[in-house]
Structure formats: structure tokens, C-alpha cells
Amino acid sequence: MSGSKPDILWSPHHADRYVICDSELGLYRIGPVGSGETKAGALPLSVETAATLLAINSDTPYMKCVAWYPKHEPECLLAVGQANGRVVLTSLGQSHNSKCKELMGKEFVPKHARQCNTLAWNPVDSNWLAAGLDKHRADFSVLIWDISSKFSPEASVAAEKIRLSSGDTDSGLVVTKPLYELGQNDACLSLCWLPRDQKLLLAGMHRNLAIFDLRNTSQKTFVNTKAIQGVTVDPHFPDRVASFFEGQVAIWDLRKFEKPVLTLTEQPKPLTKVAWCPTRMGLLATLTRDSNIIRLYDMQHTPTPIGDETEPTIIERSVQPSNSLIGSFAWHPTSQNRMVVVSAANRAMTDFTVFERISLAWSSTTSLMWACGRHLYECAEEAGVGGEGTVEKDIATKMRQRAQSRYGHDMVQVWKNHLLAGGDDPQLKSLWYTLFFMKQYTEDMEQKQQGSKQALVYSGIKNIVKSSSGTTENRRCWSGSDRQTDVPRFHSEERSLALRLCGWINRGPDINVEPFLRSLEGEGEWERAAAVALFNLDIRRAIQILNKGASAERGDLNLNVVAMALSGYTDEKSSLWREMCSSLRLQLKNPYLCVMFAFLTSELGTYDGVLYESSVAVTDRVAFACMFLNDAQLPRYMEKLTSEMKEVGNLEGILLTGLTKDGVDLMESYVDRTGDVQTASFCMLKGSPGEVVKDPRVQCWIENYRNLLDAWRFWHKRAEFDIHRSKLDPSSKPLAQVFVSCNFCGKSISYSCSAMPHQGRGFSQYGVSGSPTKSKVTSCPGCRKPLPRCALCLMNMGTPVSNCPGTGHGTGKSGEKVDLTRENKLAQFNNWFTWCHNCRHGGHAGHILSWFRDHTECPVSACTCKCMQLDTTGNLVPSDSH
Amino acid sequence: MELHILEHSLKVASIAKEGIQICTHGLIKLAFLPSKTRCKFFSLTETPEDYTLIVDEEGFKELPESEHLSVAEATWLALNVVSGGGSTTNSQPIGVTKIAKSVIAPLADHNISVFMLSTYQTDFILVRERDLPMVMHTLSSEFTLMRVVNGETVAANSLGVTNGFVKPKLVPRPIIHPLSSPSNMFCVTSLDPDTLPSVATLLMDVMFYSGGIKEPGASSEDTGHIRFFSFSLIEGYISLVMDEQTTQRFPNNVLFTSASGELWKMVRIGGQPLGFDECGIVAQISEPLATADIPAYYISTFKFDHALVPEENIQSVIGALRTNESAGQ
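Each protein sequence line maps, in turn, to chains A and B.
Per the UniProt record's numbering, the first sequence runs over residues 1 to 882.
Per the UniProt record's numbering, the second sequence runs over residues 1 to 329.
Calculated directly from the structure, the hints in this document are not laboratory data.
Please read all numbers here as calculations on a predicted model, not as lab measurements.
Heads up, a few of these hints could be off.
What the hints assert, rightly or not - Once the Cα atoms are required to be at most 27 Å apart in a straight line, the calculated DSS-like pairs of lysine-lysine come out as:
(1) A:Lys-269 - B:Lys-17
(2) B:Lys-17 - A:Lys-226
(3) A:Lys-439 - A:Lys-269
(4) B:Lys-101 - A:Lys-269
(5) B:Lys-61 - A:Lys-5
(6) B:Lys-36 - A:Lys-269
(7) B:Lys-40 - B:Lys-29
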């Protein structure tokens, strides 16, 4: 303080009053702006609050420190420590309390004058006031005064030659004999009473922190440190104390007082105030000199400091209550996170509430939680119950559902995977059908012992048609009519293969789209079926399909009209039909109907109206191209379409690219667009053998998908995925992780078994296989010394577990028919050899499991290892277990 | 009890009266502008003969090289006795007497020369840095030895040197230097560092000008008065020693006065400059005082030593010391 630097004290009992002290004491009341109580002279503190000056006291010059009497009555009694070491009691505002009048002006004078650095009222015995003074060679630095004591001349004169200075005429108010004197020949910089006991006083002395126990003043606990200023006890944690020195704050735990439990990062400028927030646990505010910010340290996550060597995490942040340099601040005693700040220069005050840090946590599913102050908010994805207008579900939700429905795992009827995925995504449908056709073709080839095209089939239609040779061209009649068409159709082995991959034709040499048409009819895709029929130059079949579609349940009657229009087809170049069709077709909403007329009205060899109609499925366009584009046009079209697909990440494009580098590029843009690493992982795993799976991008998708499954605790799903993966990509198989070696010969038990299959027992006979009928395997196959004993049954390992109650039936689903194979597997697992990595005791898995169902400590006598609690992950339950 | 070995490396110097003006810039900076230097230990004592300066190495850089400035060749370390664990009995003899028997006498017995500086706050015992192993060996039985490192006290590791130190014979220590007692009375006091700027000009006047122009050798001792003023600023604490007349010049409430308002008389030791090598001088004076349980301050300067004793005790002090003196002769 000393004239320039102000300080603030909140009233201990009136939440709306505080005192500012610099060269004088000013009592203020804080209230809402513009309320009836606030007078014209109210000083605005914030948008909502203002302060009114109630009283000023300038009776006490040379103030060094001030402390507010902690009890309700007298209400506004202050102790002021002065530069010469005297402590004066004073008050602010009128008080008619007689006790207060009696105490007012009372002075407590040390034997030798020196600065009074700090004052602290005892919170329990409020007559006790501790004063911390500077050093004097022959005097004490901590004096505890009893404010109710009377001046007793006889006693003090006898002890000392008291010569009161001339100012002390009213000697009845001067006390020179303290209740306790502590810290001889030392300096006291800061003081606080400890809540543990009313007679414990913590003092920051010249070079140490000392705890004085007034019950036995000859003893003190102390620790040498520089951090001796501003000792203050955490109001929420009575053993936690903060102190500081220059720019560094030290946090102490009084139960482990030898060294600070932590020190906060050092500030370049010296600190002036450090204060615990009284309304929030573990929040410490610090202020440095010449600064306009208050730094906050959140020790919310501090684990109990006992025995924990790791530094706890602290979250540091700063707040800026106003633009001016801060003189001092004080937390409001009850209002949450609120403080009043006074500026260093002009006593400008600001009422400020520290906004609570928001901590946010994503769950591994799509919900989100955040905490602010004393509130906790949860934000979950709306459960979209079908229907129009609901927002599409997040990809993570979709992947989670798909994982649960075993999406990607159907390796035989590969196309069914799109149904497992929900069956509502055309791209996925196309993808899985493509993969299915590729697989089917490969299998056919294998049966025919023709390896040549096998590798090619997974490389996509683009590559297949590139190698096309021996293309024949024919002009066919419209089926069902004699008219010769001008439309050339192209044939080659590769082109038929492409048509197969598109799903238009089945295996076999002849091109027969009839089964495909029927399946389309079955699915009610009338327009598409009609278009496919038309492209196969069967105009009659097309009309028939349209008629069927119009008459079907919920059919579109307009299809009849289209059929009518179709039947009028003429190949005459300048006919009215042609003219009308080519202009009006654009008004047809259905893309297939549209392309049918585009095909019919197109000039020879140019089918852009069909090929670039993007709403037509890629398979159909590709199949169309394979039939009607010549060897020069076809690769160009394929190239163009492929790059288009790659650009937008359309999975239908996999048909063209196959599972090649191009395919990975395409998948990359698909994943970039959707985040669907699940589909990417499953799809690319099919691309074995080879290059594709080793692509770092593919590995990245696979790892991310596995991490996702782990995050959802879908450990079983992840394990299934790993199994699935290792089938398709043998290089991903993990190495053996653990070997059990014999205590005596040091050889791996299983190794020696498998290495010497002819010396007696085979590996399968070793205990872990657990078949009770096999010969005894309770010794090391290498050196024949016995294996360790199970800590519970005390039998040598290798002995099968006898049927013990409580373990056999797992979770005890009584009433259900016992699944025999499962039971059998469980029994085998019970024989497994398990042990604790910490205490190295172990035994049969079944025994150990049942032991730890009711115990926390190791079953071995005198071993206090809490084996089961060591691995916290082990107690988690996978969320996909059944 | 703990003995703290402070981290300051100190120089002891003398500034001749006629050369003081060339040093005033540095001295004023050291005394009144502590934030402008890194000096942590500064003491300036004016005697009729010269100014004695005790300053750490950082502070020493502020002073010019000059023929008027003579520096004692050694580097000194300050020792400080701290009550350490537990506050002991209430009525302890004040000052040097407290440590006379435990520190000063054993050091004298081991022929270690000491340089004393008493302040308002505490007593500093300065020893030569090269004597430190011997000092630690001598005092380790009596004290917990602590070293101050970067402001933090740590246990001083005993150097483990025990060989070659001969247990000295304890001999009676007669007073061998002439004593004198000036007539003026002194005040040992301090002030709030925050109020230092308000009295800075006054202090400068007292320090550098109030003596007027004096011819060397001629002292005011003729009238029985002695010119003696000491100012120290050590680790932020100010200590002042001045005679009663000088205190009158300060405004009220600036100087710290003790409740008992005690005044002190001086005993000046030495007829001719004492030098730095002779040991046992402090012990000669402090032991009889300790025996008589008389509190005292002791301030060594470049040439002479000064003890301050309570005014009412001066006669008994003189008496006691004279007895010792005659015993020596």
C-alpha cells in the first residue's frame, strides 16, 4: 500500500461491502446500477453494478497492512499495521456497539519499531491478532496480541524501561505486552492461521516457512525456502497452502511439508498478490506488478498429492478485467468466481466475474458434453426415426450401426454387404455388386484353370477394355422387326467380360440380358429395364416392359404414353417423330426414359446424350459404351469417366478402376468426402494380393477403422475384423506375443515341446490344451522339472481344473439350455496359465478369475499385490459383447 | 542455533575524507537507488578519520578507481547467527554479547580475524573467504551450518577437514588497545524503505556535508564529541547509527524508535589503525560484556573498532574493560 498501491478487503459478513485501502480507508457498498439505493455519486463498476462510498477513514497514516475483524460484531472493525510496527484498531462508518467504541483507537506497540508486514485475526478466538514484523536483532517478529487485554503499567515497567513517546498521552489505549512472542531475530513477511487448529500459525519468515504451535511455543515446524510471501490456505483444502517469492508461486501440502508439491511457472515480474477463490475449488488467482491481467491456475485435476511423484496438471489462463494496470483484486466471498479489481493508478474499480472454463468432451459415439461452472450440458444426435426431412445420420453413427450388423463380413454373397449397410445407398450397392461380380468371375476362372484374366478382373473395366483385341462389328436388326439398323454393335471377349462385371449378362458365351431384365422387373425398375432392353435393340421388349410397369401396382400410367411414343420409332432422318422426340425428351423426368429417346434420335456413332447423362447408373453407361463405342472411342470415354468418378469420389467408379492404384485414388476422395473408413477398409482388403493393401492410405484407413472400433469398445468386432483382415492380407498377422519359459532350464515350454515332437509328448498334450484325458504334462518338457503350482489349487500347472462350482456356467444363465461347445471352450480356458505381471503369482485362469470375483489381493499368502486393480482397462467390459 | 553463511562476497574499503566527492555518485546510487544496482549489501560508516565502506562485488563495480580509495586485500564473507528451530528464552542479551561466547571467542582462539558489523536488525560477522574452512570447522560443533544459495538456505556440507587444526590453548585475553569514550550518545535505528526518498537529501547532507571541511588529523575528539555516522542497506533493510543531535534533524515518525527509547554510548578501540590481521580484538571487548550481561553493538571500521553500550551501563563497562586492560599489562 504505502500511499500508492491500493488493496481491497471484502467484508467477511456483508457480501455487498468492501474496503479499499491506500493512503486512507474507504468503505464501499456494491449494488445494481440505477437501483433505488444507489445515489447520484455511485461509481459504475460494470454494466450491471455500481459502488457507493459509505465512509472514509484517514486517521491512520503509514498503513502497511489491514485485516478485517472476522466476527459479525463489531461489524466494521479493522486492524491496521503501520510502518513503525504499531497495530491500531480502527473502524469505518458509525457503530453504536459499545465493544467497538472500547476497542477503537487501541494501539499495540512492539518493543522495537520496525515495519509491520502482515496481520491475521484468529478465526476462532477473535481476540487474537497476529502481527508479522520486520527483523530486529533483539526482538521477536511474530507478536500475538490479545485485543481485550488492558494496559498494565506495573507488569511492563518491571520488565522493560518503557518510555512512551510523547504522543501516547492516552496510555490506557496502548498495549505493549503481547500474548505470545515468536521468531526471535527473524523477519516475518506473511502470516495465516491454519484451520487445522486454532493455535497453529503459519508464518513466512526471512528464509523459511514456519508453523508455530502456540500450545508449545518452543517447538516449530519449518522448511527452508525462498517462497515466504503471501502465505494463504486453500479454503477448500485445509492442508493446501500457497506462498510466493518474486515471480514464483509454490503450493505446499502441510502433510508433506518438506518441499512444495508444485511450483507454478515463473513470471518475469514480481508477484504482488496470490489468492484462492473461495467459491470454487482449486482456483488460484495471481497478480504481478505493473500488469493488467490476472493469471488463474486451475488445480481442479490435481490428484491427492500424497505419494504421487508426478506433477499434477494445472490449467493456466489469464483474464483482463479492464485496460488499466491492476493495483489489487479480491475475490467476492460468496458470489461465484466474482472479484473486484482496483486499478493501480486512480482507484478505478471494476466488478468482474471470471468466466468459467468450458471443458468439452466428445464421446466415442456422436454425443458431446461440456461443463461450465456448476452446469453440465449434453448434446446428443437426434434419434432420426426415418421419415423425410430428418438430417442424414452422422457417418460415425452409420459406421457403428453397420459394424453391429457385421457389414463387410459377408465374404460369399459379397453383394449382400450393401444390405447389411442398410441397403439405401446406391453407391454402396454398386460397389458391393461390382466386387461380387469380380469375385464370381475369378472363381469361374479358377474352376476353368484359366489364370490369364484372373489378375485382370480386379483391375477394372478401364484396363480390361484397353487390352481389347479382335473386336468384331455387326449390324443387327431390331428384334421383332425386319428393318436393318444402322447401329453398329461391337463384340469382343473383353467387352463381354465388362458386360458381366456390369451385371448385364450372366456367365456363358452368349449375350443374353433376359435374366437381368427380369430381375429389374422384379425390383420394379421399369424404366431402367426398358432402357436396357432398348439398348439391346429389342424395342418390342422395351414397350412390353413399359406396359407392364404402367399396369403394375402403383405403376405410372405415363409409361403407357412413353411406350406409345416409342412404338412410333422411325429411322428416317427428317421425320417429325425424330424432331419432336429429340426436343421433348429433355422434359422427361426419368433419366432412363430420357436416354432411350436420346439413343433413338442420336446420329450414328455419337451417343453423348446417353453417355454423359450423369443420373444414369455408371454400370449402365459403361455397359452401353462397351456395346456401342468403337475401339478408338471406348478407351477415351473410359478415361474421361474414370477421372470424373475419381474427382467426386463416386464409388460406382470402382467398376472402372478396379482395386488398383486408381481405385485407391478414387477411394481417397470418397473418404475425404464422407469419412467412411469402414467401407474403404473392407473394400480395399478385397484387393489382395498386393500393392493396394500396402498403400499407406489403405493402411491408414484400416488403422483408423480399428481405432474407431476400439474407441467404441467394440473389441469383439475389432478382433473379428483383424481375423477377417489376416485372411485376406496374411502379412497383417501379429507375431506371437508371449512365451512361457521354464524356471529351471529357461527354455520356452511351448518351444521345447514343438521343437522336439518325438521326445514323448506333442505340443497339444501340454497343459494349455487342457484335455484331461491326455497324459500328465505337469513338468517342463525340456528339463522335466515340475511346472509352477496354481496359487489356488496348489496343483502343478498342466493339471486340468477339476469341475468347480461357480466357474463352469459362466454368468450362470440358469434355465437356458447349456451350449455345449461354448461350455467346452470355457472349460478349456479355465486351464490356461495366467499370472500377475507385478507379483508374478498365478495359476489356472478359472481359479484366478473366481478368486478375484470376491477378492482384491493376490491369493498367495502374505502377498499384498492388488493384482486385479493394476490394470484398469481389464475391468472394462466391451460394449459389443453378448 | 543456526549459523548462516551468506552468499555475498564482500569488499572492505576506506575512502579518504578529501576524496569522498569522487565517490558520491556511486555511493548515492548504492544507498538510495537500490533498484538501479544489483548490490545487496552496502554499508557506509563515517568516522573522524575516513569513510569505511563494506559492499558486495556487484556494488563495488559502482565505485571508481582512485588513490583515495584503499581496499583491504581479502574477500570477506558474512556470517549471521539465526535462532533457527524454535524460539528460545525470552530475555536474551542483545547483540554481540549473545554471540560473544559461541562465535567470537572460538574464532579468536583459532586465530581467525573477524570484522564485525552490527545493525538494527542483526549482527554480521565478517570473515575472510580463505578462512572459511577453518571457520566451519571451528563452529560446526556449536551450530548447524547453513549456506545461503540463491536466497535459499541449504545445509552447508562440512568440508571434512579436521587434520592440521590444532586445538588451541585457551588463554586469558587482555585488552591491548587503548580505549576512549566520546561524550555524545548514539541512537541505533532504522526507517521504512518507502520513506527513504523523503529523507534522502537530509541523509546525503548528514553523510557527505555535515562534517564541514576538516583538516586531516584534527578531530572533534578534543571537545569529547566524535563524528560518527553509519548507514547500511543490507538485503533491503536499512540501519542507521547516528548521534542524538543528528536524530533531531529528522522529521517525526520517520525513524523507528524503540518503545524504551534507548540511547547508547560508544567505546572506541585503538590508538592507531588496527589493521586486518590481528585477531581477538572483538573477543577482548565482547567477552567481559557478555560476562556482565550487557547488551552491545559492535561496528568495525577500516581503522578502528567501535562498541556501543547502553548509556546507563557505560561506567560499569569502562570499569570492567579497564580491569581487563590492567590485567593485561
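Here is what the structure says about each hint:
The straight-line distance between the Cα atoms of Lys-269 (chain A) and Lys-17 (chain B) is roughly 41 Å, outside the 27 Å bound, and the hint therefore fails. For the hint linking Lys-17 (chain B) to Lys-226 (chain A), the alpha-carbon distance of about 40 Å lies beyond 27 Å, and the restraint is violated. Under the criterion of a C-alpha separation no larger than 27 Å, the hint pairing Lys-439 (chain A) with Lys-269 (chain A) is inconsistent with the structure, at around 73 Å. With a CA separation close to 44 Å, the supplied pair Lys-101 (chain B) and Lys-269 (chain A) exceeds the 27 Å bound.
For the given pair, Lys-61 (chain B) sits about 33 Å from Lys-5 (chain A) by alpha-carbon distance, which is inconsistent with the 27 Å threshold. A C-alpha spacing of about 16 Å is found between Lys-36 (chain B) and Lys-269 (chain A), which places the hinted pair at or below 27 Å, so the restraint holds. About 12 Å separates the Cα atoms of Lys-40 (chain B) and Lys-29 (chain B), which keeps this hinted pair within 27 Å; it holds.
Against the hints set out earlier in the document, violations occur for numbers 1, 2, 3, 4, 5.
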